Amino acid sequence: VCSSDLHRRCAMSAAAQQAFTAEELDGFRAHFDAFDLDGSGAIDQAEVSNVMTKIGETVSKKQLEDMIRAVDTDQSGTVEWNEFLDMIYNLHHKGESNEFSRVFTKHVELNVVEGKGNAKHTYSNEEKIAFCDHINSTLGADADCEGLLPLNPESDDLFQKVSNGVLLIKLINASVPGTIDERAMNKKPKNAFTIRENGNLVINSAKAIGCHVVNVGAEDLEEGAPHLILGLIWQIVKMGLFAQITLQDCPYLFRLLEEGEELDVFSRMPPEHILIRWFNYHLKEAGWEGRVHNFTTDIKDSKNYTVLLSQLAQGVCTREPLALEDPMARAEAMLENAALINCRKFVTASDVCKGHPKLNLAFVANLFNTHPGLEPPTEEEVEKMNIDFKDLYGDESDSREERAFRMWINALGLEPQVRNLFEDTRDGLVLLKMFDKISPGIVDWRKVNLQCPNKFKKVENCNYVVLLGKQLKFSLVGIGGSDIVDGNKKLTLSLIWQAMKYNLTENLKNLKVNGKTVDDAGMLQWANTKVAQSGKQTKMAKFNDSSLSNSHFFLDLLAACDKRSVDYDVVQAGENEEQKSDNAKYAITLARKMGCTVFLLWEDIVEVKPKMTLTFVAEVMRVYGNLDGSEPSQ
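Residue numbers (this note's numbering): 169 to 802.
Read the hints as simulated data drawn from the structure, not as lab findings.
Heads up, some of the hints might be wrong.
[What the hints assert, rightly or not] Pairs of lysine-lysine residues, derived as BS3-like cross-links and limited to a Cα-Cα distance of at most 27 angstroms, are as follows: (1) K615 x K680; (2) K406 x K358; (3) K638 x K625; (4) K657 x K680; (5) K355 x K406.
[Stated by the list, open to error] Restraint-style ranges between C-beta atoms, simulated for each label pair: (6) S643 x E551: 41 to 51 angstroms; (7) K623 x T221: 27 to 37 angstroms; (8) K704 x Q639: 19 to 29 angstroms; (9) S244 x G346: 49 to 59 angstroms; (10) N656 x E551: 20 to 30 angstroms; (11) K710 x N682: 17 to 27 angstroms.
This structure is a prediction, so every number in the text was calculated from the model and none was measured.
Glycine is no exception: its CB is placed at the ideal position from the N, C-alpha and C atoms.
Could you build all of it, start to finish, from the sequences and the hints given here?
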């Protein structure tokens with residue numbers, strides 16, 4: 169028998185269903201299903217948290233509980249379909265709102281599409297419009313994009329026209345110049361094979377610059393999957409926007425240091441936090457009391473933006489928008505100010521008023537890159553502060569090695585992504601996740617401190633890291649957990665290199681050379697045999713063979729794997745540094761186009777860094793080595 173409360177709720181559900189059309193109900197159900205990830209018929213806290221992430225917000229466990237409690241009339245701890253519909257009915261017909269309905273409203277602004285396995289995915293129309301405008305303005309003058317641009321932001325142009333890879337290749341190079349040697353791209357792909365090659369080049373190049381593209385493949389680009397394409401574009405754009413937000417590239421950032429703050433601590437700060445620090449620095453300089461702590465609620469009224477612009481471009485941008493009462497009108501006036509300094513990018517007035525987190529972050533990052541408004545350090549200041557960027561970042565070679573290992577770890581799909589290899593590995597958790605990826609099941613998570621409130625807990629984790637390394641036969645003499653916790657760069661790089669090499673070797677475990685399991689000597693023999701059988705004369709004696717600096721052997725190896733891959737008309741003699749760098753860039757791009765995920769840079773080849781040249785050969789062998797146990801042949 170129904171209680172009176174249950175009768176009331178049953179009646180409410182009936183009233184709600186009668187208040188909406190069948191089409192509206194289908195739309196609401198699609199949104200419910202997008203919340204209900206596991207298809208259980210009930211939305212729990214984890215699923216609400218997932219939606220919050222999609223709309224660019226984070227909340228505490230207590231806030232999640234409160235949000236669900238506001239809608240959960242049967243006090244089950246979850247939100248069922250009838251409660252979800254009641255919430256919408258109360259919002260639309262009674263004007264009753266709460267935090268859950270606010271999140272639902274923002275979620276409605278996302279488009280819902282059906283993916284593989286009937287999974288529901290969402291994407292933001294605002295992001296689609298912003299990225300169309302960005303691509304149009306960035307690539308509009310590129311002759312190779314003729315016929316693809318301009319993109320119509322009001323249609324699905326973006327998803328259809330990126331499918332052949334050309335626009336995304338160009339966008340990667342616009343964001344991180346020099347990533348792709350465009351001599352290797354298919355500029356006019358006319359068939360499925362050349363389109364797939366471009367797609368491989370996009371995915372592997374995106375990984376190489378630090379994008380998180382696990383479970384995203386060239387076929388997803390070809391299919392025009394909206395949520396995956398927008399996610400990839402955002403990462404590519406963000407990489408470009410954040411590329412220069414470091415002390416190494418912008419020494420004037422030292423002016424943002426707070427009293428008593430160490431330079432190395434500031435250097436490890438994420439770009440988003442640096443941008444907030446920069447924003448507030450200028451608000452303070454302008455004598456304004458307001459401060460920002462996020463790119464959502466704190467910028468929605470455009471007041472902080474208005475003051476920031478007036479401070480960055482004094483005499484050009486004014487504070488007149490502050491006098492406007494209507495938030496939309498104020499936002500539009502503020503953006504008109506931004507247009508005066510060519511910075512009206514990424515956001516509309518609506519995006520500002522809604523507090524769209526990604527687009528507002530992009531707007532601020534673009535402001536910083538074009539109008540930092542900070543004085544460079546004087547010689548006296550440098551001397552007084554004893555600024556030593558070599559000490560902060562290490563020498564160039566170490567920096568490249570750190571970058572390659574960091575990109576490799578991120579390519580494993582770990583969460584959260586690694587930003588600073590030495591800082592982010594100090595508690596051992598990233599390294600333990602890394603071990604679990606390269607040797608599934610090796611980590612006994614019962615022995616791991618998932619929370620590390622003190623150095624003792626971190627050392628325990630890192631001691632376990634060293635123990636696991638020894639189980640995998642790593643050479644770890646003289647390395648202890650405390651070395652990792654203390655951020656010892658040399659020893660940390662040594663451990664991660666051995667993990668990377670172990671992973672590369674494991675990827676080759678089904679391959680045989682002369683009936684033997686592949687090791688370093690086996691890789692050398694395979695590569696030399698492959699090249700010799702193709703009729704080429706180049707050879708590699710070892711991975712630090714000085715003859716490798718001109719890339720001829722690597723190019724011959726790629727041609728031996730796929731005779732269509734190398735255009736020898738563009739290959740240089742390799743007689744000087746410029747010719748060697750051109751060849752190395754071409755070889756790396758070709759490898760990625762052929763489906764190889766390589767993280768080395770052209771300098772690593774020209775300088776013949778043996779660790780990096782080994783990774784190149786190992787990855788080519790993974791993709792093109794024989795699997796039948798016989799000696800490789802063409």
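Here is how each hint holds up against the structure:
no.	hint	in the structure
1	K615 x K680	violated (37 angstroms)
2	K406 x K358	violated (30 angstroms)
3	K638 x K625	holds (20 angstroms)
4	K657 x K680	violated (35 angstroms)
5	K355 x K406	holds (25 angstroms)
6	S643 x E551: 41 to 51 angstroms	holds (42 angstroms)
7	K623 x T221: 27 to 37 angstroms	holds (31 angstroms)
8	K704 x Q639: 19 to 29 angstroms	violated (41 angstroms)
9	S244 x G346: 49 to 59 angstroms	holds (56 angstroms)
10	N656 x E551: 20 to 30 angstroms	holds (29 angstroms)
11	K710 x N682: 17 to 27 angstroms	holds (18 angstroms)
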